[in-house]
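Chemist: Chain residues, written in single-letter form:
2 protein chains.
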Amino acid sequence: MVPRVIFGRGSFNQLSEIISPNRLNTKAPFIYLVDDVFKSNTWLTSRISLSYDDKILYISTKEEPKTSQVDQLVEDIILTCKERPSGIIGIGGGSILDLAKAVSILLTNEGSAENYQGWDLVKNPAIYHVGIPTISGTGAEVSRTAILTGPKLKLGINSDYTPFDQVLLDPELTKDVEKNQWFYTGMDCYIHCIESLNGTFLNEFSKTYGEKAFDLCKEIFLADNLSVAESQDKLMMASWHGGMSIAYSQVGVAHALSYGLSYYLGVKHGIGNCLVFDHLEEYYPEGVALFKTMKAKHDIELPQGICANLTDAEFDIMIKVALSLEPLWENALGKKWKTIITPEKVKSLYQKI
Amino acid sequence: MVPRVIFGRGSFNQLSEIISPNRLNTKAPFIYLVDDVFKSNTWLTSRISLSYDDKILYISTKEEPKTSQVDQLVEDIILTCKERPSGIIGIGGGSILDLAKAVSILLTNEGSAENYQGWDLVKNPAIYHVGIPTISGTGAEVSRTAILTGPKLKLGINSDYTPFDQVLLDPELTKDVEKNQWFYTGMDCYIHCIESLNGTFLNEFSKTYGEKAFDLCKEIFLADNLSVAESQDKLMMASWHGGMSIAYSQVGVAHALSYGLSYYLGVKHGIGNCLVFDHLEEYYPEGVALFKTMKAKHDIELPQGICANLTDAEFDIMIKVALSLEPLWENALGKKWKTIITPEKVKSLYQKI
Numbered sequence: 016m017v018p019r020v021i022f023g024r025g026s027f028n029q030l031s032e033i034i035s036p037n038r039l040n041t042k043a044p045f046i047y048l049v050d051d052v053f054k055s056n057t058w059l060t061s062r063i064s065l066s067y068d069d070k071i072l073y074i075s076t077k078e079e080p081k082t083s084q085v086d087q088l089v090e091d092i093i094l095t096c097k098e099r100p101s102g103i104i105g106i107g108g109g110s111i112l113d114l115a116k117a118v119s120i121l122l123t124n125e126g127s128a129e130n131y132q133g134w135d136l137v138k139n140p141a142i143y144h145v146g147i148p149t150i151s152g153t154g155a156e157v158s159r160t161a162i163l164t165g166p167k168l169k170l171g172i173n174s175d176y177t178p179f180d181q182v183l184l185d186p187e188l189t190k191d192v193e194k195n196q197w198f199y200t201g202m203d204c205y206i207h208c209i210e211s212l213n214g215t216f217l218n219e220f221s222k223t224y225g226e227k228a229f230d231l232c233k234e235i236f237l238a239d240n241l242s243v244a245e246s247q248d249k250l251m252m253a254s255w256h257g258g259m260s261i262a263y264s265q266v267g268v269a270h271a272l273s274y275g276l277s278y279y280l281g282v283k284h285g286i287g288n289c290l291v292f293d294h295l296e297e298y299y300p301e302g303v304a305l306f307k308t309m310k311a312k313h314d315i316e317l318p319q320g321i322c323a324n325l326t327d328a329e330f331d332i333m334i335k336v337a338l339s340l341e342p343l344w345e346n347a348l349g350k351k352w353k354t355i356i357t358p359e360k361v362k363s364l365y366q367k368i
Numbered sequence: 016m017v018p019r020v021i022f023g024r025g026s027f028n029q030l031s032e033i034i035s036p037n038r039l040n041t042k043a044p045f046i047y048l049v050d051d052v053f054k055s056n057t058w059l060t061s062r063i064s065l066s067y068d069d070k071i072l073y074i075s076t077k078e079e080p081k082t083s084q085v086d087q088l089v090e091d092i093i094l095t096c097k098e099r100p101s102g103i104i105g106i107g108g109g110s111i112l113d114l115a116k117a118v119s120i121l122l123t124n125e126g127s128a129e130n131y132q133g134w135d136l137v138k139n140p141a142i143y144h145v146g147i148p149t150i151s152g153t154g155a156e157v158s159r160t161a162i163l164t165g166p167k168l169k170l171g172i173n174s175d176y177t178p179f180d181q182v183l184l185d186p187e188l189t190k191d192v193e194k195n196q197w198f199y200t201g202m203d204c205y206i207h208c209i210e211s212l213n214g215t216f217l218n219e220f221s222k223t224y225g226e227k228a229f230d231l232c233k234e235i236f237l238a239d240n241l242s243v244a245e246s247q248d249k250l251m252m253a254s255w256h257g258g259m260s261i262a263y264s265q266v267g268v269a270h271a272l273s274y275g276l277s278y279y280l281g282v283k284h285g286i287g288n289c290l291v292f293d294h295l296e297e298y299y300p301e302g303v304a305l306f307k308t309m310k311a312k313h314d315i316e317l318p319q320g321i322c323a324n325l326t327d328a329e330f331d332i333m334i335k336v337a338l339s340l341e342p343l344w345e346n347a348l349g350k351k352w353k354t355i356i357t358p359e360k361v362k363s364l365y366q367k368i
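If you read the protein sequences in the order shown, they are chains A and B. Using our numbering, read the first sequence as starting at 16 and increasing by one per residue. Using our numbering, read the second sequence as starting at 16 and increasing by one per residue.
Honestly, the hints are just simulated from the structure, not real lab data. Hints may contain errors.
Derived DSS-like pairs: lysine-lysine, alpha-carbon spacing no greater than 25 Å straight-line [said to hold, decoys possible]:
1) Lys353/B <-> Lys335/B
2) Lys222/B <-> Lys222/A
3) Lys222/A <-> Lys167/B
4) Lys77/B <-> Lys222/B
5) Lys362/B <-> Lys233/A
6) Lys222/B <-> Lys190/A
7) Lys81/B <-> Lys222/A
8) Lys335/A <-> Lys307/A
9) Lys77/B <-> Lys42/B
10) Lys222/B <-> Lys233/A
11) Lys167/B <-> Lys360/B
12) Lys351/B <-> Lys283/B
13) Lys367/A <-> Lys312/A
Ranges of calculated distance between the beta carbons of each label pair, as one might list FRET restraints [claimed, not checked]:
14) Lys42/A <-> Asn218/B: 37 to 45 Å
15) Arg19/A <-> Ile33/B: 20 to 28 Å
16) Glu78/B <-> His313/A: 51 to 59 Å
17) Lys42/A <-> Pro36/B: 45 to 53 Å
18) Glu98/A <-> Asp175/B: 24 to 32 Å
Here the structure is a predicted model, which means the values were calculated and not measured. Each residue gets a CB set at the ideal place from its N, CA and C atoms; glycine is no exception.
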């Protein structure tokens, strides 16, 4: 679990005070990885205080984070810094947070990021890393994974060294998130709850977190009595609790299929989850019904026909990625999941999207 | 926050596997501080695997933990161990957990435990310490404090080094808790929720944890549909979430008064909270009404007339301790709490008990 967390509207102003005791020396900078949507946003960037060799790297999140992107960032940091950095601070959505986690690991572990995709392959502790979400729902701020698309798979770097050393939760930072993005990322959290609460891996620890996140999602996406600030605060906490819930259980069918979609077609994770989940009545009947109600309430139109023109060979690539995520299927459908989910079944689900 | 947590019925069997990577060398033992109610309980003790110089110290919890008790334990450990221990493992209720936290701090910080009562007075990191609750409700497993009665005050050692490095939550360990004790300690959790949720320090982070713990308490103490195992699981999680809620806000009137009662009369914390809370309708009307319903449902008879024969001088000692806890009063009643709560008012509340 993340050992240190600050919560509060405006708490971003305390960033410099929080991280400064972790500066190793004047030659070991703090490197800020910041979503490039904030590039000209002085409301945010003017509050990042740069000292000595500290620097901001603006990063596009048009595409899901890649192992090659991590390797490139690590190489750039090693080449341009006099010493190993004092810390990596990720400021953005799930993509930036996962990149920050991965870069901090690869600065102390040799080779390429793809070598560490899997479970507990990381040998050395990462450098100090801080996560500051600017969009709520992914749970990346609290998770033990950094999900990356590699040459072979979309798979996380899951390890005890992956979680952030410090998280700063300032709901005000989410104020400019565009409506569709808000919905898709919020639904990532909602789907975490449905998959965790309906999974065979469920235990009372995950359940209490999942139930709270689920209640918050219903309040945020279905009730009409919240102020904008309340809604931001609650969604940031829903993301946190939803992330905690899956940390101690697992996701399920929607995430398995969404990873395949994302791996081959580059569909971003939030919208990918929504595209898939819309067709999963068979597995999550109540969860999907409520999802459709939320979608209608917020006038969200999902793209159609994403997989319409794919060849069999293309479907096969996506099916292979989806079916490789065995723990997700086992959580969703039990130990005998292979008797329920076949490549044909996965294909028939993709064909609906 | 606690960085590592294991949850599960029977997870106590994994203890040795979990802690062994933290053994420094064969001369640096693990010291187990265990509630002496488990002294002849082989169901539990046979599962503690002792290697090299490891040892179990059985500790009476008839009285609340004291700074002098911490000092004595630390001295004994230093005198009898060849090297500084590899870790301290506390197995018991709130008293044992707080002792384990304090001892692990005093093994690396000079002087007496009383020097560290307060906020952020601890200079050096504590040695590795593990908390294993065997009774649920106090939140001591997750808190940033170790509450001790010192020569001058009942006050916690609040610091970044206080929280456990590892917590093991095995609800099965609570199976033999006696009914009154179960109720009193469970109500400690319930009162944490009421005080946090009705406090002026409340924020959305604390609120979501407090609400979940409150919902769990209502389910455990008022519903009739839970199995024994479900009830144990849920109370362990309620304690956890309730502890998280006050970690990011504060307790209130009941805890302030209960500390005074405990400091002078030695009343244990759980029952002390109940004795006080029973008379706090003025501050927590709904919370107290629900408490009385729970008390009646479980046929709990609280002792009466605890303060009946006290002299004015004795009341003054208790009042002084209670009023010294300024953050608790400010949380409960706002910045102008001194205009609401006077020594006479506190006395009138104690006189009811």
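Chemist: Of all the hints given earlier, name the ones this structure violates by number, lowest first.
Modeler: 3, 4, 5, 7, 8, 9, 12 and 17
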